[in-house]
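> Order-wise, the sequence lines are chains A and B.
Each step along the first sequence adds one to the number in numbering that gives the first Met the number 0, with nothing skipped, and position 38 is 37.
Each step along the second sequence adds one to the number in numbering that gives the first Met the number 0, with nothing skipped, and position 144 is 143.
Some hints could be false.
Which chain B residues stay away from chain A? Per the calculated CB distances, all over 12 Å, these [as the list claims (entries may be wrong)]:
hint, residue
1, R25
2, P61
3, L70
4, L73
5, L82
6, L83
7, F90
8, A102
9, R108
10, E119
11, T138
12, W140
Keeping only pairs whose Cα atoms sit at most 27 Å apart, straight-line, the calculated DSS-like set for lysine-lysine is [unchecked claim]:
hint, chain 1, residue 1, chain 2, residue 2
13, A, K28, A, K60
14, A, K31, A, K52
15, B, K114, A, K31
16, A, K52, A, K25
17, A, K25, A, K60
18, B, K114, A, K60
Far from chain B, by Cβ distances over 12 Å, these chain A residues were calculated [to be verified]:
hint, residue
19, A4
20, L8
21, G12
22, K25
23, I69
Simulated from the structure, these hints should not be mistaken for lab results.
Just so it is clear, CB atoms sit at the ideal spot from N, CA and C, and this is done for glycine as well.
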Amino acid sequence: MTAIAIALLALGGIGSIICWIIVLIKMFKNEKPLIGVLGIFCGLWAFIWGWMKASTLGLKKTMLIWSACIGLTIVGQVISGMAVAGQIESGEIQVPQPQSY
Amino acid sequence: MSGSADKSEMTGSRWELAAHLVRDRRLGLAMLGGGLLYFVIAALGWNPLPCPFLQVTGKPCPGCGMTRSCLAFLRGDFADVWLLNPFGPVFAVFWAVVGFGVALPQPRRSRFAEKLGRIESRTRWAAWVGCGLAIYCLTRWIGLW
């Protein structure tokens, strides 16, 4: 289960980064530098900008792949969460107790 | 003549960010809506879009902690704002201004965008905040923050 989660997270992560770079290139070519710089530091900004300009700049395929990658990451996060919860329940992992000062 | 006019217009608008989002209402509304949705999800304690910069480099980007900082700002927890990202309130005010501008009806929205653009071009606040964020980011990378 953990292996599946890791595979999904890796696939989604790598795919997202590639799509992010493609959108950033389009952003710098078509917008002011300030908008592009924001896209470097805010993935959400680049993601929304990409969808808003998808039809005019021919980014629809890239954005669909990026959205699918985010979906994969979310599924991976849920599976890894379930795996960790299972390990905690079976006693394989101990949850650290908060220290009181 | 028209070429130089276009060039001067481009130079003047280079520093516009909030005005750009107010003018391009569809983009402004999408950014606001997406940001608000992300903000609500983050408030529930989940991060569905991990920072790509952090994923690639392993180092926090200047914007890392911004959402949590804004949440702390809204809670009035200023110690947390300082610890998470001191620029959080700047962006909270920025989005409030964009939200106000986007909500205005058409003739007033254009006038507001024009005024906002003039202020942004004159003050170049985005450049100053960018420099501040870069310095802050460097102090985080070398472990001073």
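> Hint compliance check: list the failing hint numbers for this structure, sorted ascending.
1, 2, 7, 10, 18, 20, 21 and 23
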